[in-house]
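Chain G is already provided as a structure; the job is to place chain C with the ligands on it using the hints.
So you can see what is in the structure, the chains are spelled out below.
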Amino acid sequence: MQRLTVPLLLLATLAGLVLAAKLGWIDLYVQTTLMFLCINIIMATSLNLINGYMGEFSCGHAGFMAVGAYVSSLLSVALFTSSATFGEPLLPPSLALLGLPLCLLAGGVAAALAGLLVAFPSFRTRGDYLAIITLAANYIIISLVENLDVIGGARGFMGMKKVLNNMEEVAGLPWMVIWTFVGTVFCVWILQRYIRSSMGKGVMAVCQDEIAAEIMSVNTNQVKLTAFLLSSGLAGVAGGLFAHVVGYVNPQAFNILKSTEAMVMVYLGGMGSLTGSILSAGLMTVLLEVLRPLQIIKWVAIPLLLIILMQFRPEGIMGNRELGDLFPKLKKYYRFK
Amino acid sequence: MALLDIKDLSIRFGGLIAVSDFSTSFEGGELNGLIGPNGAGKTTVFNMVSGFYQPTGGAIVFDGTRVGKLKPHKVTALGISRTFQNIRLWHELTVLDNIRVSQYSRLGYNLWDCFLRTKNYLGREADIDRAAFAILEALDLDRFAAEYPKNLPYGLQRKVEIARALSTRPKLLLLDEPAAGLNSSDVDGLIKLIRFIHKEFKLTIWMIEHQMTVVMSLCEWIKVIDFGRTIAEGAPEAIQQNPEVIKAYLGDGTI
Ligand SMILES: Nc1ncnc2c1ncn2[C@@H]1O[C@H](COP(=O)(O)OP(=O)(O)OP(=O)(O)O)[C@@H](O)[C@H]1O
Ligand SMILES: [Mg+2]
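Protein chains in written order, with this note's numbering: chain G, 10 to 346; chain C, 37 to 291.
One should not assume that every hint holds.
Unchecked claim - Stretch-level coverage of chain G by chain C, calculated; a stretch enters the list once three of its residues show a Cβ under 8 Å from a Cβ in chain C:
| id | region |
| --- | --- |
| 1 | 199–213 |
| 2 | 218–225 |
Said to hold, decoys possible - Chain C is faced by these chain G residues, among others (derived, beta-carbon under 10 Å):
| id | residue |
| --- | --- |
| 3 | N228 |
| 4 | N230 |
| 5 | Q231 |
| 6 | V232 |
| 7 | T235 |
| 8 | L239 |
| 9 | G281 |
| 10 | Q304 |
| 11 | N329 |
Treat the hints as calculated values from the structure; they're not laboratory data. Just so you know, even glycine gets a beta-carbon here, dropped at the ideal spot from N, CA and C.
One chain only, chain G, in its complex shape:
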């Protein structure tokens, strides 16, 4: 029973969402906000692996999101739609239903490879210097996209809505709601499996004392490589989902401001707590929506919030604790493995 609680709850939530969307109980705006919430969860939890668990300071997370967004969009548009860029679809458009998750995964793999841009320097550099490298990686990726006119350059790239239309023609369900939800569960699941394993604990050992870790037989380069690839790969999945939810992408959507958003979520929720990142992703998504009328002023309000938080609760909402640490009694009722 304990084993089934989490999967059943997740399944019920998904079914509820799909039903509510299908019957029109929640409109497109609410659906989109919920999907942004999910995407923010992936961004926050995956960045937490680096900035929280490993104690590095990556400030270019959105760059990897961009790679995932572009690669998965280019793939899905080329494979399943007729477009000005790629001409006739390479595969039957109805296959998009099954093809989209594969495109998203491909975007994740591409983003993971882009993560090498940071992973290799991390072998020799730490702290401030590595932070600058992550910033540079963010800029390199965006500039590269902006200068690639074939994929729209600075104007951006679109056509993903057609992919969604194809999917809905096959079966009239809110497919992006489903895939975003599934993607989020997938990301959090593998992250926490990694974090809980003896292998993943190596990340925390590197964070706390890298020299001791290396001398106590931990292959620290392997740990860093794994953490950076995993983190950037998941950001890529988030990017792919984002691109397909919005229907179009442009490089400036993934600039340093977006990276900052992810960082704020990590520090707000607590470094080294997946539960914290999930909570703060929820809080941030709602805040961003509520403050939307303030437009650019929201970027005064949110950093201000961060300053206040750092003053009074520097460890974030959850510190490095998880749900089960906070409510040990709950552990009797669920198992999340």
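Quick look at chain C with the ligands alone, frame taken from chain G:
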């Protein structure tokens, strides 16, 4: 073949020759000491043997493998483990996790096993847990498995660090001033502990120590270095009488 063979080991930091022409050899099973005044280069020797510093001259051969250019985690996997002069535990990981992570070279599963929780993964993790508890029990630390090292008294932290070093399954254990910062009753316990692990784990132990009671009651053979150079070696009683050693420790009176 010797377990550890060090020949003419030297290292310089800029203009400073921290260790010069250091040689020693272990057949296996010894419990030897390395002593010398502050800044003599003792820790530097250990740092070279554990692969953390690259020697600028000489050779270290462990169990038939040249150690000099290997990364530290490889050296540890070969069978050399150590503790640190200033305790370097991972204070935000539990004692048990400290012991688990130190088995990294023997994980025996990959990332996919971890994601998919394969049979291999579950089996290996169970092995890691069993090995961890075996060591903690042997050192009477199992009560503290769930504690964070930072919350333990200093003496226990030293013990946990020894347990962590053992969890890499060393053939050679390097102890860098294990008695530093301990009170006299802790020191008695430490002497018993080192004797116990030497016998129980069939280890070769090489220790740096300033407290003479520890050195004299444990070590079979002692090397003394000063300013990076070996100035004496011998059995404990002989070392205590050696005029060179006394001079190095007390100064020769001329300024
Ligand atoms: N990484 C380094 N860079 C420069 N100099 C170093 C480095 N490591 C050690 N030294 C120098 O080498 C000399 C030997 O240092 P070491 O730490 O080996 O001494 P020690 O014998 O362990 O002394 P103690 O008893 O105080 O621990 C010292 O002069 C020290 O300053
Ligand atoms: Mg020293």
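Do the hints match the structure? See the list:
Coverage of the region 199–213 of chain G by chain C holds. Counting CB-CB distances below 8 Å, 10 residues qualify, and the rule asks for three or more. Coverage of the region 218–225 of chain G by chain C holds. Counting CB-CB distances below 8 Å, 7 residues qualify, and the rule asks for three or more. Satisfaction of the interface hint for N228/G is found here, the shortest Cβ-Cβ separation to chain C being roughly 5 Å, below the 10 Å cut-off. Interface restraint check: N230/G against chain C, minimum CB-CB distance 8 Å, threshold 10 Å, status holds.
A hinted interface residue such as Q231/G counts as satisfied when its beta carbon comes closer than 10 Å to some beta carbon of chain C; here the least separation is about 9 Å, so the hint holds. Annotation: interface hint on V232/G holds; nearest CB of chain C at approximately 8 Å, less than 10 Å. A least Cβ separation of about 6 Å between T235/G and chain C falls short of the 10 Å threshold, and the interface hint therefore holds. Interface hint status for L239/G: upheld, as the beta-carbon distance to the closest one in chain C is roughly 8 Å, under 10 Å.
About 8 Å separates the beta-carbon of G281/G from the nearest beta-carbon of chain C, less than 10 Å, and the hint is met. At about 41 Å, the closest approach between the beta carbon of Q304/G and any beta carbon in chain C exceeds 10 Å, and the interface hint on this residue is violated. Because the beta carbon of N329/G sits about 7 Å from the nearest beta carbon in chain C, less than 10 Å, this interface hint is met.
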